[in-house]
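Asks: Each chain is listed here by its residues.
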Amino acid sequence: MSFLTQFHSMPLDVLKGLAVICVMFPLAGACSMAERKVCAWIQDRPGPNRAIPFWFAWVPVLGPFLRKIGAFHLLADGMKFLFKEEIVPGQVNRRYFVLAPILAMIPALTTVTVVPFGAFIGADGGMVPLMLANVDVGLLAVFAIASLGVYSVILAGWASNSKYSFLGGVRASAQLISYELSLTLSVLPVFLWINAPGAPGTLGLARAVEFQSQPGFWGGTWFLFIMPVSAFIFLIALFAETNRQPFDMAESEADLVGGFHTEYGAFKWSLFFVAEYCHMIIGSGVFVLLFLGGWNPLPWVPLARFAGLLGIAGLPILVGLLSVVILLGKILLMIFFFMWVRWTVPRFRYDQVMRIGWRTLLPLAIANLLFYVIGIWVLQR
Amino acid sequence: MAVVTLERKPLTLAERSYLPQVAAGLWITIRHLFSPNKTLQYPEERPAIPPGYRGVPTLVKDPNGREKCVSCQLCEFVCPPKAIRIVPGGIPESADSAHVEKAPQAFDIDMLRCIYCGLCQEVCPEEAIFLQNQYSSSGYTRGEMVNNKERLYELGGTLPDTHFKWDHKKKAAEEAAGGHV
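Sequences listed follow chains A and B, in order.
One point on numbering: in our numbering, the residue at position 173 of the first sequence is 173, and numbering is uninterrupted.
For any residue, its number in our numbering is found by taking its place in the second sequence, counting from 1, and adding 1000.
For the record, the hints were derived by calculation from the structure and aren't laboratory data.
Any given hint could turn out to be false.
[To be verified] Calculated lysine-lysine pairs in the BS3-like style (CA-CA distance at most 25 Å, straight line): (1) A:K68 <-> B:K1038; (2) B:K1061 <-> B:K1149; (3) B:K1102 <-> B:K1165; (4) B:K1171 <-> B:K1102; (5) B:K1165 <-> B:K1061; (6) B:K1038 <-> A:K37.
Using the sequences and the hints, build the whole thing.
Replies: In structure tokens, the structure reads:
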């Protein structure tokens, strides 16, 4: 019977999933535009500001504004990727070559299912998270699925049958595997802190936010303040996991042309690109949920109280929208931080990346875990 | 100069962690993020051309409107990429400047070959050819990129000139002739 009820809700779930994908995909595209703009502004340039369809040029204020922020370059880029010739080089293993970008997209869009993107106040006064699947494995699922992304990198590098791609793939996979350890170890203290002994445990991200929205000084404190080292390690590992500067070994266009996607072009390349930004969005989302209080606007000001101050606590739709806006705003700030770092810090050498990962970050993460294990033990004794 | 041996100090922990450096870098870039652009919006905004700029070579006239080139072909000979082609010609007897005797019949500069070295300007004994301010030339065909005599004068215009070499020469010749007669 329960199977049947589940089956009944399936069309709705599919719709929800599609809606989330329809937000993620353009958001990733918009991030690529934002990247170009942030890069330009940091380099004292205006950035792309030319493209405009002529009927938009007639709109008085909005048209020039959209042109100035490069909104139509985004559309033009997308159209270009769609309509360009799909070149498959002769030396590649065709099946795996085509499979790799698809494999890159799947984990990138799957992880979003367990990431809550907002909350509203339910009928019983408790917070109901907005997410596709509120499961207890939560963060574990994010890590498990996101780490599948490395297969697409290896596959792309290998199937391309070119030395640049191959080296890029090998570097990227080695890097992803090295930093995953620190990434996972850095968030364990958070869940040790959340889960009291005896009570039902969870690795859900919604619970982490709930924990940061409690009343009182310690309840409202974001985990960034309780566990700065964890947040720091998580952030560094996130940079490495998403192949962002200064850890973009996979791409390193100076020595590897384009890394694992050297041989890719047109829409297949853009899939890798979108997947990278999706990973960034999800990664920033997880960081915000775990360490920056999720949808709570300020430390010690939980969403419920904020909604009460605005006088919309009784309207679940408005509260839900508000929470999504707050969370999205924080995520976009994080993405801006990613870009800001990218256009500031030069790329590490490959041996430096490995040394930081294994000899600095991993011991630090283990020490951090031990510190909080002992700390929590002392506090709860 | 004496050799000064500097002691290489070991890096401090802060330096090895690289984080203060990253923070300093972030501070620099965020300031640039909010600083005004240093670029020009090219086709709409044009750069100010500094004096002495070597742009497209042009032919100039003197303030009286006489074409200065006497088709001596020195520029043609000196031109390293052989971009200049001159067909020398005479000046009709009836003209005001008949005493100059020669003027180019045709004067072509192939801008696809020109390397903007300015040797033609340097070698010209009549100060007739100048590399002026125009820096962008474009065309749809190779033929369009060859500047003929008309176009060269159109680009060059008239430059101030205080020598009036040929006028002085004519005057001197007339005076000499007058004195003898």
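Asks: Against each hint, give a clear statement of whether it holds in the structure.
Replies: Here is how each hint holds up against the structure:
Taking the CA atoms of K68 (chain A) and K1038 (chain B), the gap is about 16 Å. The hint holds against a cut of 25 Å. Our distance criterion of 25 Å between C-alpha atoms is met by K1061 (chain B) and K1149 (chain B), whose separation comes to about 12 Å. Restraint check: the Cα-Cα separation between K1102 (chain B) and K1165 (chain B) comes to about 15 Å, which is no more than 25 Å; the hinted pair holds. Only pairs whose Cα atoms come within 25 Å are accepted, and K1171 (chain B) paired with K1102 (chain B) is accepted, the gap being roughly 18 Å.
Proximity of K1165 (chain B) to K1061 (chain B) is assessed by CA-CA distance (about 13 Å); at most 25 Å being required, the pair is judged to hold. Taken as a hint, the K1038 (chain B) and K37 (chain A) pair is honoured in the structure, with Cα atoms around 15 Å apart against an allowance of 25 Å.
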